[in-house]
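With these hints in hand, go ahead and build the complete structure from the sequences.
What follows is each chain in one-letter form.
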Amino acid sequence: MMERMLQSRKTRKLSRHSPVAYGLIAPSFILMLTFSYFPVIVAIVYSFTTWDGFNPPQYSGLTNYQQVLSDPIFWLSMWHLLLWGLFKLFVDLAVPLVTASLIFHLRSLRAQYVYRVLFVVPMVVPGVVLLMIWSFLYDPNLGVINSLIHHFGFTSLTPDWLGDPNLALVALMLVGLPFVVPFNLLIFYAGLQHVSESVFEAATLDGCSALSRFFKIEFPLLLGQTKLLMILTVIGLLQNVMGPLVLTNGGPGYATYMPALMMYFDAFQNNQMSLGLAIAMIIFVMVLVLTWVQNKFIRPSEEFVN
Amino acid sequence: MTKWRKGLAAVASLATVVTVLPAANVSAASAGSGNLTFKGVITMDAGAYTPSPPPPKGQQGFGIQYVATKVLAKEFEKLHPGITIQFVTSPSGQSITPWLLAKADGGQAPDITPQNVLSLSSYPSGIFTNLKPYLQQPDPYLGGKKWSTEFQPNITAQYVSPDGGQYVVNGDYVGVAMYYNKDVFKKAGITATPKTWSQMMTDLAKIKAIGDVPMEWDVAGGYNGEMRNLGWLPRIFYSNFFASQFNQLRYTKQAQISQEDYVIAIKKGVIGTPNPRWKAMWPIIQTLAKYWQPNVEANDNNGVAPFQAFLTGNVGIWLDGSYSAPTIIQQNPSFQWGTFKIPLLTKQTSKYATNTFYPGLGGPFGGGFNYSVSTPRADSSMTPAKMKAVINWLQFLSTPAHDSFIVNESAGFVPTVIGATPLPDMKDLYRQTQASTNFIDGGMDLTQNEEDAIYRAYQSWIGGQMSLASFEATCEQQMVAAADQLISQNHWNLSQWGIR
Amino acid sequence: MTWKIIKRDLASHVVLIVLVALSLFPFYYMLATSLKSNPQFFSNSLGISFPFDWGNYAAAWAAVEPYVINSAVITVLSVVIIVVTTSVTAYAFARLRFRGKGFLYMAMIALMMIPGALTLIPLFLEIEKFGLLNHRFGLVLVYAAGGQAFTIFVLRQMMANLPEELFESARMDGCSEFKAFLYIALPLTKATIGTLAIMNVMGIWSDYILPLLVLTSPNKMTLTVGLVQFQGEFLANTSYGPMFAGYTIASIPILIMFLLTMRMFMQGITAGAMKF
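In the order they appear, the protein sequences are chains A, B and C. Using this note's numbering, read the first sequence as starting at 1 and increasing by one per residue. Using this note's numbering, read the second sequence as starting at 1001 and increasing by one per residue. Using this note's numbering, read the third sequence as starting at 2001 and increasing by one per residue.
Derived from the structure by calculation, the hints contain no laboratory data. Keep in mind it's a predicted model, so treat the numbers as computed, not measured.
Straight line, CA to CA, 30 Å or less: simulated BS3-like cross-link-like pairs of lysine-lysine:
1) B/K1253 - B/K1267
2) B/K1388 - B/K1078
3) C/K2220 - B/K1039
4) C/K2101 - A/K296
5) B/K1039 - C/K2129
6) C/K2190 - A/K88
7) C/K2220 - B/K1070
Following this line, the structure appears as structure tokens:
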């Protein structure tokens, strides 16, 4: 019964070519062309020059790209990005997904409402404040984390989380614990709402346990959302300059150096705007390729095939 | 110990008094004010001295209330009808550079912005006006004497950029002090504050023995890690170790050792790893580091952690700028505290020590009165007539009376303009600004790239991730690269020193 | 909600309560700190300190009050433009077929991957060329453009997930594309649109770089600019209380929006249960 349900959702066709679509997308694209694409194209052009951000640029071909790609620190920061990315992709998707499922299956609708509100409230804490709070939490002497460790008797185990080169990256990754990312939670929740009641009914009739319901129905049906959030998570991480900048400044040494941070330093601290732009372009191409690969290999049952 | 540091406590309480007294007679000195044809608005980001918004009705303000620049603006507007001074806000912290750069690209930069001479190199050239020609012109508020005569030569000498220009005018000075916890000292059986480096090491060992943290200090410095206090260390050591070679190091014969001199010294191997005198400071630091809290000194935590640690009462000594004194007082810690001078390096510590005390650790760079004027290219409103008016306004701000009025509000800085009067308790620090103090840096902050790389290597070395030898090798490599970069950028011909 | 109902979901409740408590910690911390004087903060940074220092709020309110209307107008206008334009675009991408669709869609996704800091200079030069400097509406247009890619991307996905049968039967009933959009696609993605609107409100409401770049007259500035000025005073002497009070005040309108949007999810449930 379940299989049939899933199958019927898979077979869908597009309607015919509709010229009206151009009219519908026009306002969006006019806005984007003017205020988004134009600056981006300028940035791309400048990445092939030597430019300090103020004085006239000079064409320099691929020099910036060569310089970035041959810099071992760039590859070190890519390695950090990969580690952080894998971790983040897992926790930022898995935790909200499970949480959304737990909330969705609560029997009381009022409780569902209350939890949703409570989980989105943390969003109002501005990013800067959040980072400040985490730097207080990590404080080696007054921080809550070390106080707790101390409290449980591990007095010799009170490290400086952000100052210890072996811990700093991990400490950065843990910012945001317990990772119930509000936006992801809401997207998964909305996705669950769209899974037809009858699918769940069928599952109950088939005697599915909550666990197998989650893995056999919910997760596959939410692959579309998962894919979407994967892309957004990667983009978010790639552009995360503030976290490492405020908490560790990329240090100690280069222990928490990230590509976005390197880009920021080149553009706004070292007078090498064009080098920063080249880093941005390299990252951009990488993500685009990743997105393409992801589109090719993860095909959710729910996805509308073009 | 020194009066000014003991006096810091009194100073901070004075701050509240100062704010209550509006500028009564501050412009008595301004007999003439020059003729200005410009009419319109001058925009100024006054940085640390931005006037505080008035506190809400029935409320007291928080911290220090700054009114001086606003009061002076009103007076200036009266002297020059038709000109308005508008104080503008810029984003704080990490966003300031992208913001100012975009503004400048669009010709929209504020007329006056606060700039740190040491981090000027993080901006492209051409945004700030070279003020040197204007400093050579008569200043109406000085009765027609040159504007430059107002500034202390030893400070002006530190404000010369590698290209020979001067882009910032300075009006205040920061001191650096060893703050100490008197209770911890008592508990550790230390009866007097240390006078020499080796005495300090003995005291640190005593503090460690009673289980407290002997020493904390914030290497990262500025809020965005831009202004590294790492530079303080070489200054303490090299001003002492190289004292007798000071004149020799002034290759280009300027009042202080210029960037160009450092480049020559680096290329000649006088500064850098080839010279054992240069290398001698690092093992001493390594010994000192045993008394720091592990890793804290490698941490870029917005500079708050060491301060908070000191406030816990378990830290013996905390090295920081004089600007922190008002803040400690405000926190009203539960322990007794005081300050002492940076101890003298003697032969007991290193055979290169020269018994020369460099009193002026700290300096004008970290202060708030460091103002730059935007170029017409960065600020399209900057007509020649406006430039004249902007310079006139800065001249007005930097008269001795006005400089004192502005800077004394802060309680953590002293005014530096010749003839300015510091708060009574800051007199000793003021004397330091006037002394012809010869300081010697390690050549480690020639460019942002170099400073950043050395700073990171330092973190790795202190954190135990890198050997002393590779730290030194990194320094040498970065310093030579920075020297080469400056040579080619400024088209220096150093062949007379055998450098090509 | 009776005890019996709770008991049936007890395990879920336990897990959720733990997660809620941890998630809310930063919010709690912001609130608690906003009511502390400096000595209170340094002696007890974690707990709640008495007496509450309401002066922090008075000062913060005085600093942001003149700008509240500006911020509200700019944010509401921008988000309305975003919601209207993106929902039709997302619909076109999700449910219609047209030439160049794949390319346009990829081009739009690509836009999200360029960090904003690096396009700030060309963007500013453009705003200047268009004569939009010191115009609040110029800011609205820039925000409206900035919110497009992300919102379309998410919304398209949600609209694509809707069962095609709904649209087919509508078309068979002689429904126009526009009506199908208005009566089927919109109601069924209402909750997501609400969420996306919030995300955009958050971004625009808390941005201070663009207002500081584009606006020059003090009377046109936004709330965050007031906060930045205010914050500048306190970072210098590490007083967090007033600063956090400012942030708390700024978050109140958003909290109210949350309460409203979450209600939309409630209605979404009945809509989601629609038969097909």
